[in-house]
Every structure is written in structure tokens, then in C-alpha cells.
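Visitor: Sequence:
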Amino acid sequence: HMTNDILRTDYYNLSKLDCQNWSVGEEPFSSNAGVTPSRATCNPSVIRSIFSCFPSSATVELEDGTKRSMSQVRVGDRVHVGGGKFSDIFAFTHRDPQSPQRFIRLTTEANRSLTLAPGHMLPQIEGTLKPASEVSIDSQVHSADGTWSRVTSHLSTVDRGLYNPHTLSGQIAVDGIVASCYTTAIPPRLAHVLLFPERIAYLLGHSVIGTFFHQSQVHLGTILRSLIPSPLG
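When we follow this note's numbering, the leftmost residue of the sequence shown carries the number 245, and every step to the right adds one.
Source of the hints: derived by calculation from the structure; they are not laboratory data.
In this text, a Cβ means the ideal position worked out from N, Cα and C, and glycines have one as well.
Keep in mind that the hints are not guaranteed to be accurate.
[To be verified] With beta-carbon atoms standing in for the labels, derived distance ranges:
id, residue 1, residue 2, range
1, L447, L373, 18 to 28 Å
2, T396, G449, 41 to 51 Å
3, G320, S397, 26 to 36 Å
4, L306, G414, 12 to 22 Å
5, L448, S357, 36 to 46 Å
6, W392, H436, 19 to 29 Å
7, S343, L448, 29 to 39 Å
8, N355, Q316, 22 to 32 Å
9, S357, G327, 17 to 27 Å
10, L412, W392, 20 to 30 Å
11, G309, R433, 31 to 41 Å
12, S397, I444, 35 to 45 Å
13, Q342, G371, 30 to 40 Å
[What the hints assert, rightly or not] Straight-line alpha carbon distances no greater than 30 Å define the calculated DSS-like cross-link-like pairs of lysine-lysine that follow:
id, residue 1, residue 2
14, K311, K329
15, K329, K374
16, K311, K374
Turn these sequences into a full structure, and let the hints guide you.
Guide: As C-alpha cells, this is what we get:
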């Protein structure tokens, strides 16, 4: 389904990404998310990170006040989603603990830093969603305490793991900043509809899909995308 993925983004030319020399670390990343074209030899796991998720080291807050890394979060955990509200995690559409991935690190004037994939969607002050790749310096992001904070740094980094937990509310507070549970891989409204049966199953206590994808490295996002007809027919 790589063709579908490439056609769904207008801010990356995936065939030109140079993935051969990436290592864990940080380098400047322009505010308009430009990437230097090079050899067409990307690892598929790196391309998946374009569209989704958080690294293993990202943290969330549980309802009892404890913090857990993404690698420790489980289906059924009740996590902070911003403004003092909490919501259940009912499924993971990605859960890959090991492989290095390309991420963006946003830092705010409140000295909070969020590391997430370029295609992960963030709430905007005007009420829309925007992929992290398009969140430039001086943009506003939603802090977990309910305030809005200005972005002061936008960097590229490589980290390990790839996690995309889905909450019943559709949002999740990660490292003190509120993100949506959606990505550019599938339009948010469509993703919400496709996950509706799993939300109902979870609420009824019969969450088979959520448990399966929690325990494996199979990517539910890939399966959901396969349900969308290819533009090429």
C-alpha cells in the first residue's frame, strides 16, 4: 500500500528521502519541513514513521498521577487527554518497540518538548488539525494544562519505537502537550469511522482487535488503509 501512502501526502516526496545514514541524534529541521532529496533507498519502517506515532520514550500521565513511557502503556489504561480530563486507551494502530524512526521534536516557550512523527496531527488554536511537519516556529500548540504555548524550536531527530495509542476521546496528552490520535495516513474522520466497531467492542468488554495489536507488532493502520480503494484503481 506504499502507493496509497505516497499519494496521500503533499509535503513529502518519499521516493527521495535519504534513510541510509540516519542515526539517533538531532539536526536542524526547517519550519516548512523541507527534506534534502537524495537516494531512493528508504527502510519501510522509516516511511511508516512519516505518518504516525510517538517513540518508546514519550510519556503519558495516568489517572492516578503516575507517568508511563509509551512502551509501558497498555490497552485499558486511562490517560490524561488535556485539561484535567482522562480517557481509556482502547487500541494501538502501531506498536513497534525497537526500530529507529524519524521524528520531529517540537519545543515550546513553556520548555515542554514533544517528539512525534511528521504526519501525526496536532490540534490548532483555530480548531483544526495540522500535521507536525507543518507546525512551524511561532505556531501555537495545546498544553496539557489547557493553555496554548508558542513553538520555539522545530528539529528533526531519530529515536526508537513507534507507538500510536487510540483513546476513546480521540486525543492524548504526551509529554505535556495535547496531540490527536490521528495521522495523515488516513483522514481523521474516516479513521474515526473505521475504528468505531473496535470502540464499541472495547466498551462492551470484548476488545479482541485492541488486545491483539497490543501484543504484536502487526500494524493495524496498514490494514485500515487496505480498506480504502487505491486512486490508481
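Visitor: Hints broken by the structure, by number, lowest first?
Guide: none
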